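For the record, the sequence lines run as chains W and H.
Okay, so the first sequence: first residue is 1 according to our numbering, each after it adds one.
Okay, so the second sequence: first residue is 206 according to our numbering, each after it adds one.
For the record, the hints were derived by calculation from the structure and aren't laboratory data.
Given the structure is predicted, the values throughout are model-derived calculations rather than measurements.
All the pointers check out, no bait thrown in.
Restricting the straight-line Cα-Cα distance to at most 35 Å, the calculated cross-link-like pairs of lysine-lysine (DSBU-like) are: (1) W:179 <-> H:210; (2) H:279 <-> W:179; (3) W:99 <-> H:279.
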Amino acid sequence: MAEITAPPEVAIQAEHAPPAGPLDFEIVPLKGLPIVGLIGVLLIAAIASNKLWPLTFFHVAGGAAWTIIDLFLGLVLGPIMGKMSVPARIEFTTKLMPKMVLIMPTVVTATLAAGWQLSTYLGTNLTSNPLHGWVVASMIVVGVMAILALGLLEPANIAVLFELKKPRPNPAVIERLMKRFIYSAGILGVMQVATLVIMTKLASG
Amino acid sequence: MNERKFPPFTEVGMFSLALIVIGGIYLSSHIPQHVPLGPPTALLIASALLVVFNLYTLTRVPDFAWGRFFQVGKWALLAYLLTAGLIEYAFLQNHLRGGPLVILTLSLLVYAVQVPAMIGFTVARYDTPGGAGGDASLVRS
Chain W
1 MAEITAPPEV AIQAEHAPPA GPLDFEIVPL KGLPIVGLIG VLLIAAIASN
51 KLWPLTFFHV AGGAAWTIID LFLGLVLGPI MGKMSVPARI EFTTKLMPKM
101 VLIMPTVVTA TLAAGWQLST YLGTNLTSNP LHGWVVASMI VVGVMAILAL
151 GLLEPANIAV LFELKKPRPN PAVIERLMKR FIYSAGILGV MQVATLVIMT
201 KLASG
Chain H
206 MNERKFPPFT EVGMFSLALI VIGGIYLSSH IPQHVPLGPP TALLIASALL
256 VVFNLYTLTR VPDFAWGRFF QVGKWALLAY LLTAGLIEYA FLQNHLRGGP
306 LVILTLSLLV YAVQVPAMIG FTVARYDTPG GAGGDASLVR S
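Please put together the full structure from these sequences, using the hints given.
In structure tokens, the structure reads:
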């Protein structure tokens, strides 16, 4: 049987073409919602108990997850995704981004809420505390990071998933939103280094 | 690529968020001393006015995908009201009272409205009213 081979230009077009028909994925993974709810309940219990161990656990575990995800996404996965073919990037995006919709708000809320309570418990948020300046510095860094994450990263995350759900996704829109997401994650990753400096200083006194 | 012109909704929204973040840090960094409430109140009012201005500019955009904006915005609003509630709970747990509590609560309200609006806008700007993407839902199709 004669083998029919597509000309090179057709193959390139096919590589960069958007997928035919809407992709089958959940923008918000419903299976993850009970886990998010459970973490929320445990976080409230930790704050209500006002005990050192649960507060430290939520602040350290949440903060570690937040820092590592930002650093890894911005400085490792981001550049790798940039070099992937469009279909591979789309497949990766539809698997990664819905999880990020649940993971990031959860770890950020846990870190900040437990962190403030921990700071109150330890007295480091009082103006009389010698480490107070470092706590204010951490609030400034987190504030800038929050503005970037809430204003650029999270909307791009949701928007790219909606674009991929369309019957004919626009590759240019996906490209633009993914760039915004990856660049924001990269900047947040670099800023997380400042958080690491401040937090290790606070922990070591 | 959608080249329609939109007002600087995201930029204004981020500036609005920055104002309440500055106000929040200003209040938090004075604990337990007396905090002059003038600066954070001014920042909160400016931030709230920017939210109103932002939404007003959006109403002037012809053929804006309001259906998509509200579809995304309402769920985001629910999510951000929950996180704002959690932060408010932490404030109450720490016996925050009086003027600082009112300012921080209203700041959380601005946050809980502004962020979902920015998410809704970012999704809706690439959509058309009843267009190709008009039937996408939040869950598996």
